[in-house]
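Same order as they appear, the protein sequences are chains Y and X. For the first sequence, counting from 1, position 152 maps to 152 in our numbering; every step adds exactly one. For the second sequence, counting from 1, position 297 maps to 297 in our numbering; every step adds exactly one.
If you are wondering where the hints come from, they were derived from the structure by calculation, not from laboratory data. Incorrect hints may appear among the rest.
[Stated by the list, open to error] Simulated pairs of lysine-lysine, DSS-like, Cα-Cα distance not exceeding 30 Å:
{"hint": "1", "chain 1": "Y", "residue 1": "K137", "chain 2": "Y", "residue 2": "K18"}
{"hint": "2", "chain 1": "X", "residue 1": "K366", "chain 2": "Y", "residue 2": "K18"}
{"hint": "3", "chain 1": "X", "residue 1": "K329", "chain 2": "X", "residue 2": "K248"}
{"hint": "4", "chain 1": "X", "residue 1": "K42", "chain 2": "Y", "residue 2": "K133"}
{"hint": "5", "chain 1": "X", "residue 1": "K248", "chain 2": "Y", "residue 2": "K44"}
{"hint": "6", "chain 1": "X", "residue 1": "K329", "chain 2": "Y", "residue 2": "K44"}
{"hint": "7", "chain 1": "X", "residue 1": "K366", "chain 2": "Y", "residue 2": "K60"}
{"hint": "8", "chain 1": "X", "residue 1": "K42", "chain 2": "Y", "residue 2": "K137"}
[What the hints assert, rightly or not] One side only, chain Y facing chain X, incomplete, derived with CB under 10 Å:
{"hint": "9", "residue": "C77"}
{"hint": "10", "residue": "Y112"}
{"hint": "11", "residue": "C117"}
{"hint": "12", "residue": "R148"}
{"hint": "13", "residue": "V151"}
{"hint": "14", "residue": "V173"}
From the three backbone atoms N, C-alpha and C, an ideal C-beta is built for every residue, glycine too.
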Amino acid sequence: MTHHEFKVKWGMVIDLDKCTGCGACMVACQVENNVAPMNDASNKLRTLTWMLVYELSNHKDFPEHETAFLPRPCMQCGAPSCVPVCPVVATDKNEEGGIVSQIYPRCIGCRYCMAACPYHARYFNWLDPVFPKGMDKTLTPEVSPRPRGVVEKCSFCHTRLNNARQRARAEDVDPLDFPVEWYQPACAEACPTGAITFGDLNNPKHEVNRLIKSPYAFRLLERLGTDPQVYYMSRRDWVRYQGDNHLAHEKH
Amino acid sequence: MDQKLIPDGLTRCSFGRYLLWLAFIGVFILWGAYAATIIFMKGLTVTGLDNYFGFGLWITFDLAVIALGAGAFFTGFLKYILQIDQLKNIVNLAVIVGFICYSGAMLVLTLDIGQPLRAWFGYWHPNVHSMLTEVIFCITCYCMVLIIEFIPTILEQKQLNKIPFLHYLAHNMHTHMALFAGLGTFLSTFHQGSLGGMYGVLFGRPYAFREGFFIWPWTFFLFILSAVAAGPQFTVLVATFMEKLTGKKLVDFRVKVLMGKIGGTMLCLYMFFKLIDTWYWAAGILPQMGFTFDQMFYQVIYGKWLLWTELIVCGVLPAIMLMIPSMRKQPFFLYLAGILTCTGITINRYVFTVQTIALPVMPFDKWEIYIPNWAEWAPSVMIVAYGFLVLSLSYRYLPVFPQERKLNS
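Working from the sequences, and respecting the hints, build out all of it.
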């Protein structure tokens with residue numbers, strides 16, 4: 001397993017105690033990234049949901065029953081399971097910022113990366129994208145639609161990062177250290193409760209740098225060694241407990 | 001009608017009957033070709049695959065036939081490198097079966113990738129860290145080696161062999177066959193291993209992940225061993241099936257027993273390491289990842305019965321049958337052991353492909369079930385029918401079995 005380190009590491013901290021499961025992040029993501037609507041989206045194993053909200057349960061009966069909602073973007077792992085398996089280098093983690101790229105014109109659609117990712121963050125284009133009449137006017141100009149037969153995934157709205165860098169260069173600001181407001185992914189921007197905080201995990205000026213040090217912060221499946229750049233927070237023990245797999249004697 | 005094409009001294013069924021047989025095979029080929037056309041036109045949306053099951057029947061089928069086709073490289077290695085002369089009586093068939101398996105697998109792979117027109121990217125933009133890259137290169141190279149190994153048998157066809165150039169070409173290719181057998185052994189060993197490595201490196205998938213030696217997870221070595229255990233036995237089964245179908249003796253039973261002994265020895269070696277591997281996986285790797293052995297299984301479809309069937313019924317049991325000379329020498333046990341071994345290896349490839357990705361890794365995720373649909377079955381059946389076609393043509397027109405005349409006189 002190859003570990004990648006960068007001076008800038010874009011990451012998220014998602015406060016699960018603030019998430020209401022409204023799905024605004026999912027919708028914002030699909031709009032921003034030109035995900036075409038499907039005629040029949042009833043098979044949820046065929047839909048394209050770069051950001052997907054899972055429902056968690058404490059599996060207790062009323063009145064102790066509790067639920068939580070867990071938005072799951074691509075974890076942009078420090079040791080990605082998908083990158084080394086791709087036979088054609090269609091996905092890589094080689095850019096300052098640590099975002100795992102997906103190069104659509106290079107992807108052959110073998111789906112080995114999907115088999116490798118334990119987070120199910122990767123999606124296959126089963127159909128060519130078809131946008132209903134008029135919807136083409138609402139598309140994001142910088143984001144390329146993907147053809148049938150290639151894999152895609154959350155890119156932390158990478159085109160917004162490019163825009164922010166461009167602005168930094170134009171305004172004579174360091175493109176590796178610009179104000180965090182200049183670059184926010186669509187999901188973080190759309191979240192009505194402010195559950196998603198985004199920024200450079202390594203930058204002390206950014207809120208995420210403080211949040212990841214919280215005792216309530218955790219990452220998904222840390223034991224596997226994927227080193228995700230997405231963190232979660234919850235003050236509820238049972239929620240944090242479901243962030244990873246544990247043996248019976250490891251219960252806290 | 002085609003008497004002039006049939007090898008001297010051999011009898012074959014009438015041409016009309018042969019055409020009927022080919023038409024029967026053709027029905028399945030047409031069905032598969034129809035499905036392939038639909039898949040190329042509409043894409044993989046017509047299959048039963050989804051975002052959880054990116055791999056399914058086709059990858060299982062590919063891995064299984066590649067393992068079963070390992071008889072070609074291993075028999076070639078034993079015949080040409082280790083000089084076990086008796087195997088000359090079955091090596092032609094082993095090569096043809098290998099050729100069918102590998103070319104068939106490559107055909108299915110072109111269907112399986114989402115962008116078939118980009119298939120060449122695997123050679124042009126290779127990721128040297130990916131086990132799949134190694135598989136792509138080795139399978140292609142080895143398929144070429146198999147074609148080279150198959151060509152002399154084709155050139156020995158009665159009419160072709162009358163052309164002096166082709167006659168001498170075939171002779172010279174035979175003379176240098178040890179070189180190709182060596183090359184084939186090298187290539188095949190590596191890609192059989194890399195197919196196993198493909199799964200072993202998946203550190204995000206507890207069902208498949210294995211530690212290993214240097215860059216190779218243990219599955220790399222296990223897949224090689226299982227392939228050399230199953231390959232020779234599959235060749236014996238194909239020979240026997242052809243005998244039943246044609247009503248002729250094609251290969252001396254002693255040769256089959258020798259193949260069974262070789263396959264059985266490899267199976268013992270494989271089972272020794274596979275049982276240790278399974279124990280270490282259950283007792284070491286899974287707890288490290290926070291999983292228990294029981295969590296790896298689900299209801300009947302992904303139940304423990306698959307594991308025990310693979311290890312005990314289709315592993316230890318045939319190994320015992322093949323290692324006891326008195327049992328091995330009885331056709332019933334020899335063939336039963338062969339069938340069980342091949343079934344076990346197929347189960348192994350299935351669980352590594354499907355169960356690996358069916359298992360929920362995130363604690364709040366759930367098991368999903370995969371059922372292949374007609375669009376996946378049809379091309380798979382087409383490849384089997386293609387195998388029947390190549391074998392039917394070879395049996396009728398080529399001198400595949402050196403002992404056939406003697407055994408049927």
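Cross-check of the supplied hints:
no., hint, in the structure
1, Y:K137 with Y:K18, "violated, 34 Å"
2, X:K366 with Y:K18, "holds, 24 Å"
3, X:K329 with X:K248, "holds, 20 Å"
4, X:K42 with Y:K133, "holds, 22 Å"
5, X:K248 with Y:K44, "violated, 55 Å"
6, X:K329 with Y:K44, "violated, 54 Å"
7, X:K366 with Y:K60, "holds, 18 Å"
8, X:K42 with Y:K137, "holds, 27 Å"
9, C77, "holds, 9 Å"
10, Y112, "holds, 5 Å"
11, C117, "holds, 6 Å"
12, R148, "holds, 5 Å"
13, V151, "holds, 8 Å"
14, V173, "violated, 35 Å"
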